[in-house]
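Number of protein chains: 2
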Amino acid sequence: MVKYSNVTLDRTFAALSDPTRRALLAQLSLNESVSVSELARPFPVSLPAIMKHLDVLSDAGLITRAKTGRTVACRLSAGPMEEATDWLNKYQRFWSESLDRLVAMVEEDEE
Amino acid sequence: MVKYSNVTLDRTFAALSDPTRRALLAQLSLNESVSVSELARPFPVSLPAIMKHLDVLSDAGLITRAKTGRTVACRLSAGPMEEATDWLNKYQRFWSESLDRLVAMVEEDEE
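Chains as they are written, first to last, in this note's numbering: chain A, 1 to 111; chain B, 1 to 111.
Honestly, the hints are just simulated from the structure, not real lab data.
What you are looking at is a predicted structure, and each value in this text was computed from that prediction instead of being measured.
Please note: incorrect hints may appear among the correct ones.
[Stated by the list, open to error] Okay, the calculated bits of chain B under chain A, using three or more residues with CB under 8 Å as the criterion:
| hint | region |
| --- | --- |
| 1 | 14-26 |
| 2 | 67-81 |
| 3 | 86-94 |
Idealized CB from N, CA, C, for every residue including glycine.
Whole structure, please, built from the sequences with the hints as guidance.
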C-alpha cells in the first residue's frame with residue numbers, strides 16, 4: 001500500500017489552483033498588510049466571494065488575518081509554498097529531459 | 001481590473017492537489033512507461049477511480065497515454081510543472097523572510 005497522505009500539500013495546491021486566489025496572493029506580495037476591502041477592489045467578483053477565497057487561503061496557511069476595530073488586514077504567509085516547491089523540484093530533471101528531447105527533435109528536422 | 005487568467009496553472013495546481021494523483025506521478029517518475037493496471041495496483045481504490053485520476057492528470061498535460069493492443073501505458077510529462085514552479089519561485093523571498101523572523105524570535109527567547 002502506498003503511503004501518500006499530506007494534507008498540507010493538498011491544501012496548498014488546491015488553494016493555488018484558482019486564478020483569483022493566486023491574484024490575491026500576488027497583491028499581498030506587493031504590500032506587507034492589506035485590508036480586505038482594498039484587496040477586493042480590483043476584482044470583478046463580490047466581496048463575499050473574495051471572503052470565501054480568503055478563507056481557503058487562510059485554511060491553507062497562505063495568509064494570516066488580523067482584526068483592528070472594523071478593519072481586517074491580511075498578510076502573506078508564504079511558508080507552505082516552500083513544501084510545494086520542494087515537491088515540484090523532485091521532478092525538475094523530467095521537465096529538463098522533455099525540453100532536451102524537444103530540442104533534439106527540432107535539430108533533427110533542421111538537418 | 002486584474003488580468004489573472006491562466007488555465008494551465010489552474011489545471012496543474014488542481015491536478016497536484018490530490019494525494020493519489022501525486023502518488024501516481026511519483027510512480028511514473030520511477031519508470032519510463034507503466035501500464036494502467038500496474039499503476040493502479042498499489043492503491044486502495046478501484047480501477048475506475050484511478051482511471052478518473054489519470055484523466056485529470058492527462059487533461060493537465062502531466063501524463064501521456066498510449067494504447068498498444070489492450071494495454072494502455074502512461075508516461076510522465078513534467079513540462080507543466082515548470083510553470084507551476086516558476087510561479088512559486090516568485091514567492092521564495094517571502095518564505096525565507098518568514099523563516100528569518102522565526103529564527104529571530106527563537107533567538108530573542110533564548111537571550
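Comparing the hints with the structure gives:
Residues of the region 14-26 of chain B lying with their CB closer than 8 Å to a CB of chain A number 10, which satisfies the three-residue condition for coverage. Given a C-beta distance limit of less than 8 Å, the hint that chain A covers the region 67-81 of chain B holds, as 5 residues qualify and 3 suffice. Figure legend: the region 86-94 of chain B, annotated as covered by chain A; annotation consistent (7 residues with Cβ-Cβ distances under 8 Å, at least 3 required).
Every hint from the earlier list agrees with this structure, and none is contradicted.
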